Amino acid sequence: MNALASSIVENAVYRPTDDEPFMNDRQLAYFKAKLMDWKDDILRESKGTVINLKAETENHPDLVDRASSESDRALELRTRDRQRKLISKIDEALRRIEDGSYGYCEETGEPISLGRLEARPTATLSVEAQERHERRERVHRDD
Numbered sequence: 001m002n003a004l005a006s007s008i009v010e011n012a013v014y015r016p017t018d019d020e021p022f023m024n025d026r027q028l029a030y031f032k033a034k035l036m037d038w039k040d041d042i043l044r045e046s047k048g049t050v051i052n053l054k055a056e057t058e059n060h061p062d063l064v065d066r067a068s069s070e071s072d073r074a075l076e077l078r079t080r081d082r083q084r085k086l087i088s089k090i091d092e093a094l095r096r097i098e099d100g101s102y103g104y105c106e107e108t109g110e111p112i113s114l115g116r117l118e119a120r121p122t123a124t125l126s127v128e129a130q131e132r133h134e135r136r137e138r139v140h141r142d143d
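For the sequence shown, position 71 (counting from the first letter as 1) is numbered 71 according to the UniProt record's numbering, and the numbering increases by one without interruption.
Any given hint could be a false lead.
Ranges of calculated distance between the beta carbons of each label pair, as one might list FRET restraints [said to hold, decoys possible]:
1) 15 x 41: 15 to 21 Å
2) 13 x 38: 14 to 20 Å
3) 24 x 71: 47 to 53 Å
4) 14 x 106: 23 to 29 Å
5) 29 x 88: 20 to 26 Å
6) 118 x 40: 14 to 20 Å
7) 69 x 138: 35 to 41 Å
8) 89 x 138: 20 to 26 Å
9) 25 x 115: 17 to 23 Å
10) 101 x 38: 17 to 23 Å
11) 88 x 21: 25 to 31 Å
12) 85 x 139: 22 to 28 Å
Source of the hints: derived by calculation from the structure; they are not laboratory data.
Computed from a predicted model, the values in this text were never measured in an experiment.
Ideal Cβ placement from N, Cα and C applies to all residues, glycine included.
Turn these sequences into a full structure, and let the hints guide you.
Here you go:
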């Protein structure tokens with residue numbers, strides 16, 4: 001079995017834990033594989049969207065059918081736009097893995113909890129820093 005295949009098999013059963021050194025090589029490999037898989041899934045879905053949009057160029061004579069089709073298309077395109085932005089966040093996270101800053105809060109420099117990274121691998125702020133950020137946004141939005 002080659003190194004990539006064994007790393008994928010290992011990551012399938014491995015889960016980072018708090019009783020090992022934070023952001024050790026194994027954890028970094030785990031999160032890198034998780035991010036790459038997520039990105040691949042998004043890209044695969046977007047290729048399917050392009051194929052579906054090209055295939056669905058029919059003109060519906062019924063106004064309700066046409067409106068429904070256009071609404072579905074708009075929703076699909078909005079979803080793809082959100083995923084395009086997500087891919088950019090995934091790419092940023094992969095860059096942070098490469099430069100050694102992944103897993104650390106951009107605001108405080110403290111480690112981001114493994115639970116938060118597991119749930120949101122693109123996280124750049126710890127839970128506490130994110131809460132402060134959201135409180136500031138609410139205050140400024142209310143002005």
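Against the structure, the hints:
For residue 15 and residue 41, the hinted distance range of 15 to 21 Å is satisfied, since their beta carbons lie about 20 Å from each other. Restraint check, residue 13 to residue 38: a C-beta distance of roughly 18 Å satisfies the suggested window 14 to 20 Å. The beta-carbon spacing between residue 24 and residue 71, approximately 48 Å, falls within the hinted interval of 47 to 53 Å. Distance hint check for residue 14 and residue 106: the Cβ-Cβ separation is about 26 Å, which falls inside the suggested range of 23 to 29 Å.
At roughly 22 Å, the beta-carbon separation of residue 29 and residue 88 lies within the given 20 to 26 Å, and the hint holds. In this structure the supplied range 14 to 20 Å holds for residue 118 paired with residue 40, their Cβ-Cβ distance being about 19 Å. Checked against the hint of 35 to 41 Å, the pair residue 69 and residue 138 passes, with Cβ atoms roughly 38 Å apart. Taking 20 to 26 Å as the suggested C-beta distance range, the pair residue 89 and residue 138 conforms, at roughly 22 Å.
Checked against the hint of 17 to 23 Å, the pair residue 25 and residue 115 passes, with Cβ atoms roughly 20 Å apart. Taking 17 to 23 Å as the suggested C-beta distance range, the pair residue 101 and residue 38 conforms, at roughly 19 Å. At about 30 Å, the beta-carbon gap between residue 88 and residue 21 stays in the expected band of 25 to 31 Å. A beta carbon spacing of about 25 Å between residue 85 and residue 139 agrees with the range 22 to 28 Å that was offered as a hint.
The structure meets every hint from the earlier list without exception.
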